[in-house]
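Participant: Sequence:
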Amino acid sequence: MIRLPSSHAAITAPLVASSTAFPGIPIGRSLLDGRPFHLSPAMVDDRVLPSTNSLALGGLGSGKSTTAKVRGRREHLSHGHQYVVVDSFGEENAGEWVPLTRDLNGKVIEAGSFTLNPVSELFPSEVREHLIRSLIVAVEPDALNAQAAHALQHALNHPKATSLNGLVDALVEPEDGRWPAADLAAWGVGAAIALSRYTEGSLRGLFDGDNAGLPETDLPIITFDFSRLDRNSPAIPSLMAAVACWVEHVWLPQSTAPHRHLVLEEAWQILLSPATSKLIQRLLKYSRKMGLSLDVVMHTLSDLGTGPAQDLARLCEVAHVGRLGPEEAALVGALLNLPDWAIARIPTLDPGQAVWKIGPDYVDIIQTVISEDEARLTDTSSRRRMAQALAVEQDTLDLEADADADVDEDQEQDVTVLLERGQDCGADDGWDWEMPPNVIDTRHMDAIQAAREGRCSEAADLAAIGEREDIHAHGINSNEAISWLSTRAKVAELCGDRDQAVQLRATVARMGKDVDWFEQAKDDGAPQWHRGPDPVAPVSPAEYEPPVKARRRTWPYLAAVAALALAAGGVWQSAADDKKEQAHQEKAAAYKGLSVTEVNIDGVTTKARAEWSEDGRTVILSARVDEEAKFARIDSGERTAQEKVAPLEEGQIPMPIRLEVKVPVGDRYEAVRMTVAVGGPHWKEGSRAPGREIEFRPDRTATDVKTGKQLKQYYSRLA
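First residue of the sequence shown? That's 1 in my numbering, and the numbers climb one at a time after it.
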């Protein structure tokens with residue numbers, strides 16, 4: 001354990017609230033003042049911690065999963081909490097949580113070892129329909145429109161619809177109802193094709209059984225082990241949809257535990273799916289009413305992109321951030337509103353250390369403390385240590401062999417001479433490449449070649465897998481990882497998605513790289529680091545050239561004058577282009593595509609936000625107004641949104657107002673304005689609500705239009 005003197009802690013973390021004591025299980029010790037750190041979110045006063053959901057982030061080996069498993073074990077042993085874990089990564093073809101689950105007498109359910117019937121009578125009718133719709137959207141997001149939804153409802157009432165095969169038959173050959181059977185059959189084609197993936201396609205065996213196969217609801221922990229599935233397979237969002245429905249409609253109503261936890265390990269695979277992210281968002285919003293904590297464990301926020309999936313992280317009131325790179329630490333700090341001193345410490349944290357943020361104010365650095373038994377149950381690095389042990393053993397054997405070997409002195413001298421001269425014993429083989437062929441990285445060209453041949457889905461998968469491998473191997477800011485952004489841009493361009501290509505190249509530019517930097521040949525003519533040499537073109541034999549006719553001696557002077565003129569014009573044009581390019585790069589470097597500020601209007605705290613779309617053609621303007629407001633309205637151009645709060649009934653909890661409009665822009669660097677009007681606690685209907693006009697810019701700045709004063713950014717602590 002690292003313990004700092006109090007004077008050092010005061011300098012390092014002047015805003016820390018480490019004196020706050022939380023009730024619950026022991027987790028570790030503060031590295032700022034040495035005090036023990038306890039936390040059970042369900043036991044904290046809801047006025048201090050409205051939500052008990054948690055988010056754990058950190059790079060490989062940072063200790064985030066170990067801390068999550070230790071917390072789960074202690075919560076169950078101390079307070080009787082129940083856990084359901086969705087696990088998708090581990091060693092020896094088993095999930096990370098399997099040893100802990102077996103130690104607590106829980107149950108491990110492996111994907112593929114059981115078959116679930118989503119239309120079983122054990123499910124209520126509304127659950128059956130909700131689950132079937134989720135399965136359809138998981139494989140065919142656009143298959144359900146109004147007509148298809150009606151055809152599905154009609155088929156679910158058919159006597160055949162007691163299994164998934166029967167439901168597909170009822171969609172293909174419906175009976176007459178409110179509409180003719182021919183119309184119902186035409187409407188249900190898309191849904192039937194999507195469901196046939198589960199009955200005849202690659203996903204069969206998961207949902208085409210005759211029984212529901214529901215697990216018990218009184219076990220201390222249930223782990224759904226998805227580790228054997230392909231991470232890019234639609235089976236993961238499909239199974240997650242089934243698990244979410246079972247959690248909400250079966251497990252939570254029947255469980256008698258004082259508190260329940262749903263753990264999502266490697267959550268980026270689940271949250272990136274639009275179908276499952278909506279289910280998770282629903283569970284997050286109603287978690288307090290359900291007596292549920294959603295515990296999300298993942299590596300980085302960048303895995304989630306910039307869409308709705310990342311917004312789900314904001315709904316977690318407890319955050320545990322292990323070691324990350326500086327840029328990723330800045331992104332996490334912006335999302336969680338961490339102070340500067342905490343963001344600066346994240347890249348330097350050791351395994352088991354993390355920045356914790358609880359509620360709106362408490363920030364501390366905690367060293368997790370575990371016992372030997374817990375270390376055995378939570379170990380996920382046994383293969384690495386085995387490899388290290390084998391390497392040490394091999395080195396020892398090599399040293400012993402060298403000591404026993406009788407080496408001829410003359411031969412040794414000859415080898416030394418060859419090494420000093422820089423010669424290679426295999427030079428006769430003709431190796432003149434910078435890298436031997438066994439370490440040339442052909443993955444980039446494989447992805448680009450697949451895109452050129454029209455296999456766009458395969459190309460995107462190859463690029464995503466390669467990028468993920470290099471992030472894990474070299475870090476998110478490494479050249480190896482950044483080069484995949486350029487490759488993905490090339491793939492997107494070849495596949496016709498120019499908007500994505502532009503966005504990816506802009507990301508590379510913001511990171512200080514030329515868009516195609518890794519494709520550029522070196523000065524010495526050597527091949528790029530990620531590929532082998534280009535094939536040598538055959539040289540054609542020299543052809544006969546007729547003698548050159550003698551020219552007058554005046555032509556060199558004319559040519560020199562013309563060359564000077566062209567050179568001067570070229571220098572002037574080059575300087576102008578360089579200046580224009582520099583200005584463009586400065587704009588691109590400052591571009592964030594986001595501006596958020598917090599203002600007080602009529603005594604009510606209001607968060608105003610502008611977020612530019614990926615293609616730079618639209619801006620989403622939004623406002624979040626605290627619970628005290630009675631009225632709120634936002635205006636931008638011809639776009640308007642407003643909400644008036646109805647009088648609250650007795651015992652009803654006030655909810656914040658959220659408003660949003662989308663406005664078009666002609667340029668991704670264009671500023672936009674929004675007027676926010678808010679009626680506070682004393683506002684009366686019919687009176688004019690006070691307002692402020694704000695100008696947002698995509699470089700993360702905002703200005704009060706009336707006063708011209710620059711407003712403080714909600715994320716300004718990162719600046």
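By construction, these hints were calculated from the structure, which means they are not laboratory data. Incorrect hints may appear among the rest.
[Stated by the list, open to error] Taking lysine-lysine and the PhoX-like style, the derived pairs with C-alpha atoms no more than 25 Å apart in a straight line are:
| id | residue 1 | residue 2 |
| --- | --- | --- |
| 1 | Lys644 | Lys587 |
| 2 | Lys285 | Lys592 |
| 3 | Lys712 | Lys607 |
| 4 | Lys160 | Lys285 |
| 5 | Lys587 | Lys684 |
| 6 | Lys644 | Lys709 |
| 7 | Lys607 | Lys709 |
| 8 | Lys607 | Lys684 |
| 9 | Lys662 | Lys684 |
| 10 | Lys684 | Lys712 |
| 11 | Lys684 | Lys592 |
| 12 | Lys592 | Lys644 |
| 13 | Lys285 | Lys607 |
| 14 | Lys684 | Lys709 |
| 15 | Lys592 | Lys709 |
Participant: Are the hints correct? Go through all of them and say.
Facilitator: Consistency of the hints with the structure:
{"no.": "1", "hint": "Lys644 x Lys587", "verdict": "violated (40 Å)"}
{"no.": "2", "hint": "Lys285 x Lys592", "verdict": "violated (28 Å)"}
{"no.": "3", "hint": "Lys712 x Lys607", "verdict": "holds (11 Å)"}
{"no.": "4", "hint": "Lys160 x Lys285", "verdict": "violated (36 Å)"}
{"no.": "5", "hint": "Lys587 x Lys684", "verdict": "violated (45 Å)"}
{"no.": "6", "hint": "Lys644 x Lys709", "verdict": "violated (30 Å)"}
{"no.": "7", "hint": "Lys607 x Lys709", "verdict": "holds (17 Å)"}
{"no.": "8", "hint": "Lys607 x Lys684", "verdict": "holds (22 Å)"}
{"no.": "9", "hint": "Lys662 x Lys684", "verdict": "violated (29 Å)"}
{"no.": "10", "hint": "Lys684 x Lys712", "verdict": "violated (30 Å)"}
{"no.": "11", "hint": "Lys684 x Lys592", "verdict": "violated (39 Å)"}
{"no.": "12", "hint": "Lys592 x Lys644", "verdict": "violated (33 Å)"}
{"no.": "13", "hint": "Lys285 x Lys607", "verdict": "holds (19 Å)"}
{"no.": "14", "hint": "Lys684 x Lys709", "verdict": "violated (30 Å)"}
{"no.": "15", "hint": "Lys592 x Lys709", "verdict": "holds (21 Å)"}
The structure does not agree with the numbered hints 1, 2, 4, 5, 6, 9, 10, 11, 12, 14 stated previously, though it agrees with the rest.
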